[in-house]
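Whenever a hint applies, use it, and build me the whole structure from the sequences.
4 protein chains.
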Amino acid sequence: MTAGTGRTGAAMIGARIWAIGDGWIPPTSTGPAPEMTSHDSACMLNPNDEPAEVAMTVYFRDREPAGPYRVTIPARRVHHQRLNDLRDPEPVPCGADYSVVIRSSVPIVVQHTRLDSRQAENALMSTIAFPAG
Amino acid sequence: MTAGTGRTGAAMIGARIWAIGDGWIPPTSTGPAPEMTSHDSACMLNPNDEPAEVAMTVYFRDREPAGPYRVTIPARRVHHQRLNDLRDPEPVPCGADYSVVIRSSVPIVVQHTRLDSRQAENALMSTIAFPAG
Amino acid sequence: MTAGTGRTGAAMIGARIWAIGDGWIPPTSTGPAPEMTSHDSACMLNPNDEPAEVAMTVYFRDREPAGPYRVTIPARRVHHQRLNDLRDPEPVPCGADYSVVIRSSVPIVVQHTRLDSRQAENALMSTIAFPAG
Amino acid sequence: MTAGTGRTGAAMIGARIWAIGDGWIPPTSTGPAPEMTSHDSACMLNPNDEPAEVAMTVYFRDREPAGPYRVTIPARRVHHQRLNDLRDPEPVPCGADYSVVIRSSVPIVVQHTRLDSRQAENALMSTIAFPAG
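Residue numbers (the working numbering), protein chains in the order written: chain H, 6 to 138; chain A, 6 to 138; chain Z, 6 to 138; chain P, 6 to 138.
Worth flagging that the hints you see were computed from the coordinates, not collected in a lab.
Some hints could be false.
Claimed, not checked - So the derived list for chain P, only partly shown, Cβ under 10 Å to chain Z, looks like this:
1) Ala38
2) Glu40
3) Cys48
4) Met49
5) His85
6) Leu120
7) Asp121
8) Glu126
9) Ala128
10) Met130
11) Ile133
What the hints assert, rightly or not - A few chain H positions that, by computed beta-carbon distances, are all more than 12 Å from chain Z:
12) Ala16
13) Glu55
14) Pro70
15) Gly72
16) His84
17) Arg87
18) Glu95
19) Ala125
Backbone N, C-alpha and C fix where the C-beta goes; we use that ideal spot for every residue, glycine too.
Following this line, the structure appears as structure tokens:
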């Protein structure tokens, strides 16, 4: 799934639309912040030679979506976004089911990871997000 | 994988058929319900502008499939379904191998997550489901 | 990715070739067998109306592949195969890196899951396998 | 996604470009080395009949990428590469966000796994990497 060519003519890697199905921010944490703070992350890579203008929309069970949450990922850079750190236009509530759609101006790669440290020993889960376009 | 256009002409996101290979509901739990109750979840997102009529079929090792289990996900909404909460037409047994095929009237996105709290410290696993059509 | 039609003319779900990259059977276990025994599983679903003749080949770091390991999954049935239970033509060694290619006569769906109970509290990981053909 | 045919005319399995979004090497470990040492692994399978010349590029949040890190995977062999074991041309720092793009001369399969043993009880996560070309 090479995704066209960039301004330099080089083939670009990734997809422009991604979706994360299982969003849920554990409401409590055990251990030192920030590394053991419970979190849900959208780990984004822009391996291409143009900046990625990214807009995230957050979907809920019982209300209209929130967002867009905007971030710019420079060319050839990584941006691991903890969903619980988003503030603008509004925080994502903890302990509530949500999902995310991520749209980018150039192809990127997205992986979804959760660290759950509600208990003394932390748990991890991760998956490639769904490349949707 | 944009999946055609909806009634408004907007491109739709997702797939109409999804499969989960590894279903298994841990038969015991440790900690407060419902958040620490062991569960297998099909986390579904309908990011599109039409309601999704979803039918889940559950497959087993040694008997014919159960279902369909039906749920409607409104436009632009999330539905995280714990498989152990299904009752109609019949409960999914705990501690038994199963798999799931999910069919939707409009494209959706599905992620499969298990929380296993049989022991004092919980374990998590998650994966994008398989987009099958 | 509907995979052609079966003998009944119904569209089939899945893929005929799958690969698992990260095979590793934890060499020790804590807790009651078999549910807490450390294992690596290939969780296979045959949602179609014909039996699936499955052949698994196991690849290693430093020797030629082992197999084929053969199993038949009846129509509309699940088969969750612990790799550590394979005996014919030879066991898969514990504590050694391996990978698996799974070929099936009809489309199936494969998810890879590991339960690691070397320590007192178990850890889980899971991913959809790679649909390779 | 069969990926063309090899020199013998046999269909090849896998993809030539893969991406891992969520790289992060836990900076501490609990338990005996090497099996309980915290690590991030790129688990690669070359199921084909030609050697795979692999080049890994590591991307960061705040600097230009590192690499290429080169490895050869013989025909029909597995190579599970711990990212924390890379030394040439430079180590990958622990406790820092990164991502990886893997390019191979012939198709391979890549799965990303992390073992986090910072605490007394280890946590695991795994996902198929993103097949990008």
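Going through the hints against the structure:
Violation of the interface hint for P/Ala38 is found here, the shortest Cβ-Cβ separation to chain Z being roughly 14 Å, above the 10 Å cut-off. Evaluation of the P/Glu40 hint against chain Z yields a held restraint, the C-beta minimum of about 7 Å falling below 10 Å. Given the 10 Å rule on beta carbons, the hint for P/Cys48 holds: about 4 Å separates it from the nearest Cβ of chain Z. Interface hint status for P/Met49: upheld, as the beta-carbon distance to the closest one in chain Z is roughly 7 Å, under 10 Å.
For P/His85, the interface hint holds, the least distance from its beta-carbon to any beta-carbon of chain Z being 4 Å, beneath 10 Å. Because the closest C-beta pair between P/Leu120 and chain Z is about 8 Å apart, less than 10 Å, the hint holds. Hint status for P/Asp121 relative to chain Z: holds, with the closest Cβ pair at about 9 Å, below 10 Å. Given the 10 Å rule on beta carbons, the hint for P/Glu126 holds: about 4 Å separates it from the nearest Cβ of chain Z.
With a least beta-carbon distance of about 5 Å to chain Z, the hint placing P/Ala128 at the interface is held under the 10 Å criterion. Interface hint at P/Met130: satisfied, since its Cβ lies 6 Å from the closest Cβ of chain Z, which is below the 10 Å cut-off. Interface hint status for P/Ile133: upheld, as the beta-carbon distance to the closest one in chain Z is roughly 5 Å, under 10 Å. For H/Ala16, the condition that its CB be more than 12 Å from all CB atoms of chain Z holds, with the nearest at approximately 21 Å.
Residue placement check: H/Glu55 keeps its beta carbon more than 12 Å from all beta carbons of chain Z (closest about 29 Å). The beta carbon of H/Pro70 sits about 26 Å from the closest Cβ of chain Z, which is more than 12 Å, so the claim that it is off the interface holds. Listed as a non-interface residue, H/Gly72 keeps its Cβ farther than 12 Å from every Cβ of chain Z; the least gap is roughly 27 Å. With a closest Cβ-Cβ approach of about 23 Å to chain Z, H/His84 is found to remain outside the 12 Å limit, as its non-interface label requires.
At the 12 Å boundary, the C-beta of H/Arg87 stays outside the reach of chain Z, the nearest C-beta of that chain being 21 Å off. Distance check for H/Glu95 against chain Z: the nearest CB is about 32 Å away, which clears 12 Å, and the non-interface claim stands. Residue-level check failed: H/Ala125 sits 9 Å from the nearest beta carbon of chain Z, not beyond 12 Å.
Hint compliance for this structure: hints 1, 19 are not met, and every other hint is.
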